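> Sequence:
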Amino acid sequence: MKLGIISYGFEKEDFQKVADMKLDFVEFCVNAGAYDSHEAFANRADEIRGNLDSLGLFTGSVGRWGGDKLLPDGSVRTAEMEADKKLICAAEQLGCPVYVTGCNYADGISLYENYSAAIRYFEELIAFGKEHHVRIATYNCRWSNFVHSDPAWSVIHGYLKELGIKYDPSHSRYAMGEDYLSEIKKWGTRFSHVHIKGSLLVNGERVDDPPAGLDQTDWPAFMGALYACGYDGTLSIEPHSGIWQGELGQKGVAYTIRMMRNMMLESE
906 MKLGIISYGF EKEDFQKVAD MKLDFVEFCV NAGAYDSHEA FANRADEIRG
956 NLDSLGLFTG SVGRWGGDKL LPDGSVRTAE MEADKKLICA AEQLGCPVYV
1006 TGCNYADGIS LYENYSAAIR YFEELIAFGK EHHVRIATYN CRWSNFVHSD
1056 PAWSVIHGYL KELGIKYDPS HSRYAMGEDY LSEIKKWGTR FSHVHIKGSL
1106 LVNGERVDDP PAGLDQTDWP AFMGALYACG YDGTLSIEPH SGIWQGELGQ
1156 KGVAYTIRMM RNMMLESE
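Those letters in the sequence shown? Residues 906 to 1173, per this note's numbering, in order.
Treat the hints as calculated values from the structure; they're not laboratory data.
The structure presented is a predicted model; accordingly, all values stated were derived computationally and were not measured.
Keep in mind that the hints are not guaranteed to be accurate.
As the list claims (entries may be wrong) - Computed cross-link-like contacts, DSSO-like style, restricted to lysine-lysine with a CA-CA straight-line distance of at most 30 Å:
(1) K1066 x K927
(2) K1156 x K922
(3) K1035 x K1091
(4) K1066 x K1156
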């Protein structure tokens, strides 16, 4: 496995900080909401790759969270399909093997029709991704996405054998106590990318997303489950706390890196 971190900055100095932490890769989340952010990112793909190459880093994942792919009647929102394809091309330029996205639930059609519409959307992305040597994966976050767990996985991923999963145990923990270890056992062979993010619930209420290792996730069991299903991919640290900021946040990331390295057999 390889250990990296999400970078929301695209400058060489941002990547230098990642290299200084002795990490292997960066992940880019080019999310919906920022006007033309995918265009700006794609236009800099060659520059970004050159800077990463010079530091001995690689791009572990490119993804786009948010953004409704389907209109209420189930038809495709053209702008979102174009954004996904633009970012898949950027992933190819970066030498990145995985592109992560989701699909919203269209309120104007039935559940069956939603499954069918999502399958059609992902089929087109999978075919496009093949042309550009990029695998498509769905995220298990609920943000503009209903393809986050079973039964949707059994229907959609059960049909689309080449569709991967980007997995983050915090989303499972926050979603009515779903069992992340059971999800890994059942679906781990389909994982294309994994997020390392802490989660903290007190009396059933979400309190904070502290650094992984200072939260309630059973990380040794999590890693054991990944090894059990043969996962040998990327592990991406996602700092996501409103409390752990500044110097405290840096110390938290350093703690997570030490913890994860101790559980990565190839780090011995």
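> All hints are to be evaluated individually against the structure, with a verdict given for each.
Hint-by-hint comparison with the structure:
no. : hint          : verdict
1   : K1066 x K927  : violated, 35 Å
2   : K1156 x K922  : holds, 13 Å
3   : K1035 x K1091 : holds, 26 Å
4   : K1066 x K1156 : violated, 40 Å
In this structure, the earlier hints numbered 1, 4 are contradicted, and the remaining ones agree with it.
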